[in-house]
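Asks: These are the residues of each chain, in order.
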Amino acid sequence: MFEELNRLAGWSTEKLPDREVIFITDKGCNGTFLLHHFIALYLKAGQHVVLVTVEQSFAHYSVACGKLGANLTKSKTEGKLTHVDMMKAGLNEYLQESSPTDQLSKGFSNKTLEQLNDMIHDLVNSVPVDKKSIVIVDDLSLFLSLGFPIEDVITFYHKMKYITRTKPASFLTVLHLDGSAEDLPTLYPNFSYYGTCELKLEGLESGYSKDVHGTLEVIQKSMKNLRTVFERKVRQYKVTERTLHLFAPGTSKAVL
Amino acid sequence: MKKVTFTKKGTKKSGISIPGTQPSTNNGLLLTSTGIPSLDALLGGGLPVGTVLLIEEDHTNRFARIVSKYFLAEGTACHHGIYLITRNEKPQKILSQLPMPTTMEKVSREAGSGEMNIAIRYHDLPKAQKSVADVSRYGHHFDLSKTMDALQLADKEVHSLNLLETIDKEIKDIFRYTLQQIKIKIDTNNYAAPSDTDVGNEKNLNILRVAITNFGSPMWGENNSETAQKINKFLFCLRALARQSLMVCCITIPTDLYTSTQVETFRQLCDCSVELQSFEGKKKNPLYKQYHGLLNMRKLLCLNSLLPYVPETLDFAFELKKTKFVIEYLHLPPDVSDTASRQGVEEIDTNKVSKSSPCGGTTLKKDLDF
Chain H
1 MFEELNRLAG
11 WSTEKLPDRE
21 VIFITDKGCN
31 GTFLLHHFIA
41 LYLKAGQHVV
51 LVTVEQSFAH
61 YSVACGKLGA
71 NLTKSKTEGK
81 LTHVDMMKAG
91 LNEYLQESSP
101 TDQLSKGFSN
111 KTLEQLNDMI
121 HDLVNSVPVD
131 KKSIVIVDDL
141 SLFLSLGFPI
151 EDVITFYHKM
161 KYITRTKPAS
171 FLTVLHLDGS
181 AEDLPTLYPN
191 FSYYGTCELK
201 LEGLESGYSK
211 DVHGTLEVIQ
221 KSMKNLRTVF
231 ERKVRQYKVT
241 ERTLHLFAPG
251 TSKAVL
Chain Z
1 MKKVTFTKKG
11 TKKSGISIPG
21 TQPSTNNGLL
31 LTSTGIPSLD
41 ALLGGGLPVG
51 TVLLIEEDHT
61 NRFARIVSKY
71 FLAEGTACHH
81 GIYLITRNEK
91 PQKILSQLPM
101 PTTMEKVSRE
111 AGSGEMNIAI
121 RYHDLPKAQK
131 SVADVSRYGH
141 HFDLSKTMDA
151 LQLADKEVHS
161 LNLLETIDKE
171 IKDIFRYTLQ
181 QIKIKIDTNN
191 YAAPSDTDVG
201 NEKNLNILRV
211 AITNFGSPMW
221 GENNSETAQK
231 INKFLFCLRA
241 LARQSLMVCC
251 ITIPTDLYTS
261 TQVETFRQLC
271 DCSVELQSFE
281 GKKKNPLYKQ
291 YHGLLNMRKL
301 LCLNSLLPYV
311 PETLDFAFEL
321 KKTKFVIEYL
331 HLPPDVSDTA
341 SRQGVEEIDT
351 NKVSKSSPCG
361 GTTLKKDLDF
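Chains as they are written, first to last, in full-length UniProt numbering: chain H, 1 to 256; chain Z, 1 to 370.
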């Protein structure tokens, strides 16, 4: 768990993100490390995690979260964590499909996202009523690269938002802004429209630095007196083997 | 909090030893050499089994080919399974040019050579023009000037797939066909990753090295966004396949042919990416005259940990010597002209060559005033 991020965003094991749609955007750096924080946060709080892996294997999350003090394998056998392996599913589909009629050779059927949605829906429904849960899709923008129509991705995202409205669940995903640039003008507004919290990561303009890995902006959207209030907090960050350090821009230990 | 003892948690590969591999010390990964010690050092010790390395080809493809050859030669030296996939040429052409392994003694003698000819107080400082890696503990060294002959390859598990031969056949999707062939190779030769129950029974385990050259070149399909998407799918599935088998893959793509967005997506779909920029046929910056090209780490390998292994710097240059391919830290050459003031030299030293020894690149020149 990243204590400093919790403090910044007002989360803790007692006060988990409540029915939020959180999305991580990254540009010039990789923001997937933040996923481990949420997995560890929920498991430590004794709540449920539905982990959909597209980008990395379960073994990766298992070892990396172990460094944050969460035992994924144990949680999995206890039923606190459900793992949906989209990587393997995608591979099997790709290998098997040999129908000559399919000129465009889609690789994945268009149903994949719908099925995934149904599966997640069932999994969230099966969580005990008194427990909270979080659905994590480790990379939603990857679906675009794999040739899914952008409408399908947006529909999926919308359905995830629906789950957070009907169940005590949150949704978390990653959007890589570097790769999917062509569809960005349509995709990004949709994400921020449905999202309640954006974790915006950007690499330093001046390039890679050993002591400052980039800037992290937490944008939290909330309703106060019928008005939408945006709360923005900007910090610079540095990731270490086991934790995340946040500091006000320009106050890295290396420069002070 | 801190664990002192080394425990390999959560990986399927625990307790398994395969020739030509070594476990990484902190992530429980099984590493294997790329054949180039300096490239291994950049990757943090080697390429983990189950990953895909993307080489972004230089525009003449000369150096990317050399990297592929090293990758394959390392496989033959370790008795790994080799699977070479080509579309632009006959695989035999590459296989007949694999560099010859050299003996360890020769390499260490080379490394330790060079009589001390500067002041004794610099003796323990690292040499300025240092190659990235020291003599590696595992992996082999190769001599590019000699090639392995067919006899040496005879007893090795070398297979190749010549996709040129498939042009006449009716194959709807060359990308899918390729992946299916890799899958068949893994299944028939039993390169699947062992489950926990197999740990005791590890005698037959071996690594499959898959090398795909000129992937995505015009021979593979028209250069349009549809092909780029097919490549995306292929890379995604290749990585998924690699994760569940004892396979390492080195794939070279002529990235000049694709837009920067498409290339960025390719990078995301591979585990790590190395870009080669050769100076061949181009007007070269006189500062870089000692190098053959620049090497950039475009995507760093981040597996089983929160942050990737980050080398000291991300800017490297490569040089093709008579017998080997070396990756070095990029730094400016020594400024030894008469007009240069000492002040200027020192400025360059602190700003640009901070990674080298305090006396910068000038240690080897005799006509210096100390």
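Hints are not guaranteed to be accurate.
[Claimed, not checked] With beta-carbon atoms standing in for the labels, derived distance ranges:
id, chain 1, residue 1, chain 2, residue 2, range
1, H, 131, Z, 225, 38 to 46 Å
2, H, 155, Z, 181, 51 to 59 Å
3, H, 122, Z, 260, 57 to 65 Å
4, Z, 62, H, 228, 37 to 45 Å
5, H, 250, Z, 188, 35 to 43 Å
6, Z, 323, H, 206, 37 to 45 Å
7, H, 206, Z, 156, 41 to 49 Å
8, Z, 169, H, 3, 56 to 64 Å
[Said to hold, decoys possible] Some residues of chain H that are not near chain Z, with every Cβ distance over 10 Å (derived):
id, residue
9, 12
10, 167
11, 191
12, 202
13, 228
14, 249
Since the hints were made in silico from the structure, they are not lab data. For every residue, glycine included, the Cβ atom is placed at its ideal position computed from N, Cα and C.
Asks: Tell me the numbers of any earlier hints that the structure contravenes, in ascending order.
Replies: 2, 3, 4, 5
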